[in-house]
Amino acid sequence: MHTTLFKNLYLESKEASLFGRYIHSLHIQPLLENLSGKFQVDIMGQSVNGLDIYSVTVGTGPKRILMWSQMHGNESTTTKALFDLLNFLSANRPETCDLLSACTLKILPILNPDGAKAYTRVNANGVDLNRDAQDLSQPESKLLRQVFIDFKPDFCYNLHGQRTIFSAGKSKNSATVSFLSPSQDENCTLTENRKVAMEVIAAMNSHLQEIIPNQVGIYDDAFNINCV
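Residue numbers (the numbering used here): 3 to 230.
Treat the hints loosely; a few may be bogus.
No farther apart than 30 Å at their CA atoms in a straight line, the calculated lysine-lysine pairs in the BS3-like style are these [unchecked claim]:
id: 1; residue 1: K9; residue 2: K65
id: 2; residue 1: K174; residue 2: K65
id: 3; residue 1: K16; residue 2: K65
id: 4; residue 1: K154; residue 2: K40
id: 5; residue 1: K65; residue 2: K40
id: 6; residue 1: K119; residue 2: K144
id: 7; residue 1: K154; residue 2: K144
id: 8; residue 1: K40; residue 2: K119
id: 9; residue 1: K144; residue 2: K197
id: 10; residue 1: K144; residue 2: K9
id: 11; residue 1: K65; residue 2: K119
id: 12; residue 1: K154; residue 2: K172
id: 13; residue 1: K9; residue 2: K174
id: 14; residue 1: K65; residue 2: K172
id: 15; residue 1: K65; residue 2: K144
No wet-lab data here; the hints were simulated from the structure.
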């Protein structure tokens, strides 16, 4: 996509009602209610404190993509980005039609609504949901696993936030965006799944370098069996 077109689409799609770092369920509920009929909005379950956890499904394509944000309640940047994406998908554009005919997206905008409300990394039980992949001790973790099993995604996007104190490599530029193709074992073996993820990341980075040059970082790929 041409850089100028990409920037214009972003400006047209940006959700103005979501701003600042403190984003929780009450902020997104009106936006979910106002989505058009092409979107399917569901309540997938509840958090520790009984707050609803929503999903949005859109598209009819064979490539299935699962995205979730605010697994850490105080990391809201990607939640705002997801609603920019939903606004983009709402429009009747050739790019949108092509995407939705190729893909089916399921999006969980806030996986940890209790943490989002309290503005904490952890959930209401004080558990980091991104360290609960093995124990599945929390309702939010169990919900995500069940969504994964039922939806059978080809790709998963575990969306997090990152402070601007982190640089993009050895430079003075903050890492505006960072990527990770997570390791599947302690040897950081380059499995077929990791190769595919790396190819997707490389393609995204190629486009991003035209828009935010030298501002893309990578996370440490050390294996952690407890991470999602």
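Outcome of the hint check:
no.: 1; hint: K9 <-> K65; in the structure: holds (25 Å)
no.: 2; hint: K174 <-> K65; in the structure: violated (38 Å)
no.: 3; hint: K16 <-> K65; in the structure: holds (25 Å)
no.: 4; hint: K154 <-> K40; in the structure: holds (21 Å)
no.: 5; hint: K65 <-> K40; in the structure: holds (17 Å)
no.: 6; hint: K119 <-> K144; in the structure: holds (20 Å)
no.: 7; hint: K154 <-> K144; in the structure: holds (15 Å)
no.: 8; hint: K40 <-> K119; in the structure: holds (29 Å)
no.: 9; hint: K144 <-> K197; in the structure: holds (28 Å)
no.: 10; hint: K144 <-> K9; in the structure: violated (38 Å)
no.: 11; hint: K65 <-> K119; in the structure: violated (33 Å)
no.: 12; hint: K154 <-> K172; in the structure: violated (38 Å)
no.: 13; hint: K9 <-> K174; in the structure: holds (24 Å)
no.: 14; hint: K65 <-> K172; in the structure: violated (36 Å)
no.: 15; hint: K65 <-> K144; in the structure: holds (24 Å)
Hints 2, 10, 11, 12, 14 from the list above are not met by this structure, while the remaining hints are.
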